[in-house]
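In order, the protein sequences belong to chains A and B.
Note that the first sequence ends on residue 436 in the working numbering; no numbers are left out.
Note that the second sequence ends on residue 1324 in the working numbering; no numbers are left out.
If you're looking for bench data, these hints aren't it; they were derived computationally from the structure.
One or more hints might be untrue.
Unchecked claim - Derived DEER-like restraints, expressed as beta-carbon distance ranges:
#	chain 1	residue 1	chain 2	residue 2	range
1	B	S1061	A	A237	55 to 61 Å
2	A	T159	B	K1251	19 to 25 Å
3	B	A1323	A	G417	41 to 47 Å
4	B	S1201	A	D295	30 to 36 Å
5	B	Y1134	A	D295	57 to 63 Å
6	B	H1137	A	T241	57 to 63 Å
7	A	G294	B	A1323	43 to 49 Å
8	B	K1251	A	E64	53 to 59 Å
9	A	E214	B	E1221	53 to 59 Å
10	A	E214	B	Y1134	55 to 61 Å
11	B	P1125	A	T159	43 to 49 Å
12	B	P1239	A	A237	52 to 58 Å
13	A	T159	B	E1305	32 to 38 Å
14	A	A237	B	H1137	45 to 51 Å
In this text, a Cβ means the ideal position worked out from N, Cα and C, and glycines have one as well.
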Amino acid sequence: MAETKVIMPQMGESIFEGTITKWLKKKGERVERDEPLFEISTDKIDTEIPAPAAGVLQDILVKEGQTVQINTVVAVIGDGSTKPAAEGAKEPTQPEPPKEVKGPAPVAGPTAEAEKTSPEPAARSRPSPSEEEIRSSPLVRRIAKEHNIDLSALAGKGTGIDGRITKTDILSYIEQPGKAAPAAPRKPEEPARGPKAPPVPPTPAPMKFTGDVERVPLTAMRKAIAEHMVMSRKTSAHVTTFFEVDCSRILKAKEKQQAEFERSSARLTVTPFFVQAAANALKRFPVVNSSLEGDTIVYKRPINIGIAVNLEWGLIVPVIKNADEKNLFGLAKALNELGDRARNKKLTPDDVKDGTFTITNPGQYGGLIGTPIINQPQVAIMGMGGIKKRAVVIDDAIAIRPIIVLSLSFDHRVIDGATADQFMADVQKQLENWTV
Amino acid sequence: MSLTTYVEAIRQGIWEEMEKDDRVFVLGEDVGIYGGAFKVTAGMLERFGEWRVIDTPISESGIVGAAIGAALMGMRPVAEMQFADFISCAFDQITNFAAKCRYRWGAGVPIVVRGPSGGGVHGGPFHSQNPEMYFVHTPGLKVVCPSTAYDAKGLIKSAIRDPDPVIYFEHKFLYRRVKEDLPSDDFVVPIGKAAIRRNGSDISVITYGAMVYIALDAAKELEKEGIDLEVLDLRSLLPFDKEAVLESVKKTNKVILLHEDTQIGGFAGELAAIISEEAFEYLDGPIRRITAPNTPVPYSPPLEEFFLPKISDVVRVARELYAY
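Turn these sequences into a full structure, and let the hints steer you where they fit.
Below, the structure written as structure tokens:
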């Protein structure tokens, strides 16, 4: 009988769980291989997961809104010959090794690197109760040792505070007939540890109040953002510097090249100009393209620029790899593509990995400028304000120029103000002297 | 059968020792004509005369200094501090001289320094303290804190007969509230021996002084819930009965350390260290302390009531520990 188990894929290193936000197929529905089957939300990305095999969606084991650990079986695709439910229900959340997935499963397959960091995802997600996890007391541990009892036999049976195994518990265990003998076999685990409390789906609905206050648990993405932001603030010594840039020339260049870009079905915005200027400046100021690891500054040859993309349900930072090797056209294409993929939840783990510098766009709703938080483990992030025509003084005359305010938040642990300002002056100079 | 109060038991103990041994004498403020602020020495002046019952000036340092000198000359002085709070005035004499005399010169100083300590009588910050730990920290001294009339009498006799300085802390709250029928023979209570006041199986409450009664009352209340407290009365703090402490902990596996003294540097901390060093593998829960907070003893009656460890404190902590 052909049956394929569909598992929660690992969407990048250090991600151990995902939330199923939407099933795109109903139980009993026919599904083709690589056809989108469900949508998930993880710490890092939101995406669609394709079916690993063709067949009939025999069973859905994890409901929408539930968060499960990676490699948990979330559905079963059969050939339509088996009755649904009955079989699937027996081993609902049993984790399976990744090799169970038939076919390439493009997005789903754990990367080689991910496998390295978590060689035994099943063991990690479903730990067996080891002695460290079982709460007891010095006395209980001594009694256990004296009677050659494996305390895991009492796991979950403690009557003390927080399920602690007390003297009474272990003594009554010993008194049970036949139990004083060597360690009882470990109990199979209860499936209760599988799915966690259901988080809310990531797409926000208009706020409906039932009282004065609504309490809404964080989505996986919101939580990841929250943790990352606080971690960054705690890690880096943030300083922000501001530069005004006259955009006359890049706007002219943009206008001139727009038509040409459109013929190649690429949209040209101002962002690629800033990415290119930043990439060039990063080459000249390698410390801005570095990380701090303990007492070591790690300089990075690749210049991978992350672009913060605002989504209805959060924020994501896809990365343009080797941005210094791309021309304006290449950058524009990459930006278009990543932006679209982010909005359509089609980003892959690789798309958000290995950034070395980040650009964000706090001015897109008219804000003058913001002071962005560094995207760890990077050491600098550039903010783009809104471009607005302003009166500026040029050679004692007042002129009207399209001005943008740029900010650079940098980590003062590795970058001093002078370096940061030289870097920004470099960016400014490139933009203001852009060849039209 | 007549009941003897705690304060009367002390008086009897000193009296009997004075009858038996004419080296024994008392000195202190108002111990003679007035008979002592709490009447511990009442009638002694008439019986033993002014050479053995000496009214002194108001100078604790002088009282203890004189006692040390007399002891070095072969006497057995019993010096009264009118309130144990004022023993601090004699601190140098006790800790630097009496406590170290045998160590430095081989000359024992067989003095007893006794006085009323403890709160619960609205005495305020200078008439309610428990200064035992200053002396427990001093090698060369012995420190006792009786809780019953029997122990009060038995320990004052042991203290007087002891060849080294003994600091004898009476609890003034117990003076006339505690009474019992005492045997008529010449009994003593050895210094350094604890007594089990209540046998129990669930939790050991290790305490001394007036708190013994708080523990016993709490035990009565907890008995209704099926929580069985053991109450161990240390009686002596220096030396203390380590074997009895460890034995009780090994029996019940859970322990509450209770004293009226404030918490930081209190005897409970020392006991907790000993227990975790020597009986760690017998513990089925954290060692819990119940003590006065780290403040002076308040004068205001409601504040003093809050300050002193209460039955309800023991009941609460015992319930938590029982459930642990």
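These are the hints, each one checked on the structure:
{"no.": "1", "hint": "S1061/B <-> A237/A: 55 to 61 Å", "in the structure": "holds (59 Å)"}
{"no.": "2", "hint": "T159/A <-> K1251/B: 19 to 25 Å", "in the structure": "holds (21 Å)"}
{"no.": "3", "hint": "A1323/B <-> G417/A: 41 to 47 Å", "in the structure": "violated (58 Å)"}
{"no.": "4", "hint": "S1201/B <-> D295/A: 30 to 36 Å", "in the structure": "violated (57 Å)"}
{"no.": "5", "hint": "Y1134/B <-> D295/A: 57 to 63 Å", "in the structure": "violated (49 Å)"}
{"no.": "6", "hint": "H1137/B <-> T241/A: 57 to 63 Å", "in the structure": "holds (60 Å)"}
{"no.": "7", "hint": "G294/A <-> A1323/B: 43 to 49 Å", "in the structure": "holds (45 Å)"}
{"no.": "8", "hint": "K1251/B <-> E64/A: 53 to 59 Å", "in the structure": "holds (57 Å)"}
{"no.": "9", "hint": "E214/A <-> E1221/B: 53 to 59 Å", "in the structure": "violated (46 Å)"}
{"no.": "10", "hint": "E214/A <-> Y1134/B: 55 to 61 Å", "in the structure": "holds (59 Å)"}
{"no.": "11", "hint": "P1125/B <-> T159/A: 43 to 49 Å", "in the structure": "holds (45 Å)"}
{"no.": "12", "hint": "P1239/B <-> A237/A: 52 to 58 Å", "in the structure": "holds (57 Å)"}
{"no.": "13", "hint": "T159/A <-> E1305/B: 32 to 38 Å", "in the structure": "holds (36 Å)"}
{"no.": "14", "hint": "A237/A <-> H1137/B: 45 to 51 Å", "in the structure": "holds (47 Å)"}
In this structure, the hints that do not hold are numbers 3, 4, 5, 9, in rising order.
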